[in-house]
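Visitor: Sequence:
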Amino acid sequence: QLQLNNPMHKCPESKLPTRNEQLTTVFELVAREKHVFNEVSDRERAFLDLDEQLNHYAENCPLEKDLFDAAQDQVDEMAGDNEIMEDENEEREKIDPLAPFLVSFPNQLPRNRKQAMTARLECLQSLKEKLLERA
Numbered sequence: 011q012l013q014l015n016n017p018m019h020k021c022p023e024s025k026l027p028t029r030n031e032q033l034t035t036v037f038e039l040v041a042r043e044k045h046v047f048n049e050v051s052d053r054e055r056a057f058l059d060l061d062e063q064l065n066h067y068a069e070n071c072p073l074e075k076d077l078f079d080a081a082q083d084q085v086d087e088m089a090g091d092n093e094i095m096e097d098e099n100e101e102r103e104k105i106d107p108l109a110p111f112l113v114s115f116p117n118q119l120p121r122n123r124k125q126a127m128t129a130r131l132e133c134l135q136s137l138k139e140k141l142l143e144r145a
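In the numbering used here, the protein residues as written are 11 to 145.
Note that these hints are calculated values from the structure, not bench results. Careful, some of the hints might be misleading.
Each pair of labels, with its calculated beta carbon distance range [what the hints assert, rightly or not]: (1) ALA109 <-> ARG144: 48 to 54 angstroms; (2) ARG144 <-> VAL113: 22 to 28 angstroms; (3) LEU77 <-> ASN117: 55 to 61 angstroms; (4) LEU64 <-> ARG29: 15 to 21 angstroms; (5) ALA109 <-> LYS138: 14 to 20 angstroms; (6) ASP91 <-> LYS140: 29 to 35 angstroms; (7) ASP91 <-> GLN135: 57 to 63 angstroms; (8) LYS75 <-> LEU119: 51 to 57 angstroms; (9) ALA56 <-> ASP83: 45 to 51 angstroms; (10) MET88 <-> VAL50: 53 to 59 angstroms.
We treat Cβ as the ideally placed atom computed from N, Cα and C, and that holds for glycine.
Just need the whole structure built from these sequences, with the hints factored in.
Guide: Given below as structure tokens:
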């Protein structure tokens with residue numbers, strides 16, 4: 011849209027703007043540009059202030075957990091307790107009941123069938139004795 015009162019947008023047949031009119035137009039444009047830059051910098055400052063307030067609020071505002079999150083935390087705690095119990099059970103399972111009968115063998119393994127049968131008989135005899143003691 012042409013601005014009729016602006017000397018730069020006159021009809022080509024009309025006379026050219028004078029040097030004074032050109033300088034006036036340039037000064038007006040520079041003033042508008044400064045005004046726009048000032049507005050932009052003011053808005054940037056306002057944005058940075060809001061961003062700083064938001065970060066401060068995010069750091070200092072404790073979050074409230076809803077019902078689902080609280081229940082999920084309880085489930086996670088119970089799962090952690092179950093893992094501890096499973097670890098204890100694994101340690102108990104690591105105890106080898108045949109270990110006392112295999113101590114006399116190198117590397118705690120019988121080398122031949124005769125040694126394995128001897129360990130088996132000793133183990134069965136010990137088991138029978140324990141069962142009789144309990145009865």
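Visitor: State for each hint whether it applies.
Guide: The hints, checked one at a time:
1. ALA109 <-> ARG144: 48 to 54 angstroms: 21 angstroms, violated
2. ARG144 <-> VAL113: 22 to 28 angstroms: 24 angstroms, holds
3. LEU77 <-> ASN117: 55 to 61 angstroms: With Cβ atoms ~58 angstroms apart, the hint holds.
4. LEU64 <-> ARG29: 15 to 21 angstroms: 52 angstroms, violated
5. ALA109 <-> LYS138: 14 to 20 angstroms: 19 angstroms, holds
6. ASP91 <-> LYS140: 29 to 35 angstroms: With a Cβ separation near 33 angstroms, ASP91 and LYS140 satisfy 29 to 35 angstroms, so the hint holds.
7. ASP91 <-> GLN135: 57 to 63 angstroms: 41 angstroms, violated
8. LYS75 <-> LEU119: 51 to 57 angstroms: Check passed, 55 angstroms falls within 51 to 57 angstroms.
9. ALA56 <-> ASP83: 45 to 51 angstroms: Violated, at about 39 angstroms.
10. MET88 <-> VAL50: 53 to 59 angstroms: 56 angstroms, holds
Violated hints, listed in ascending order, are 1, 4, 7, 9; each of the other numbered hints is respected by the structure.
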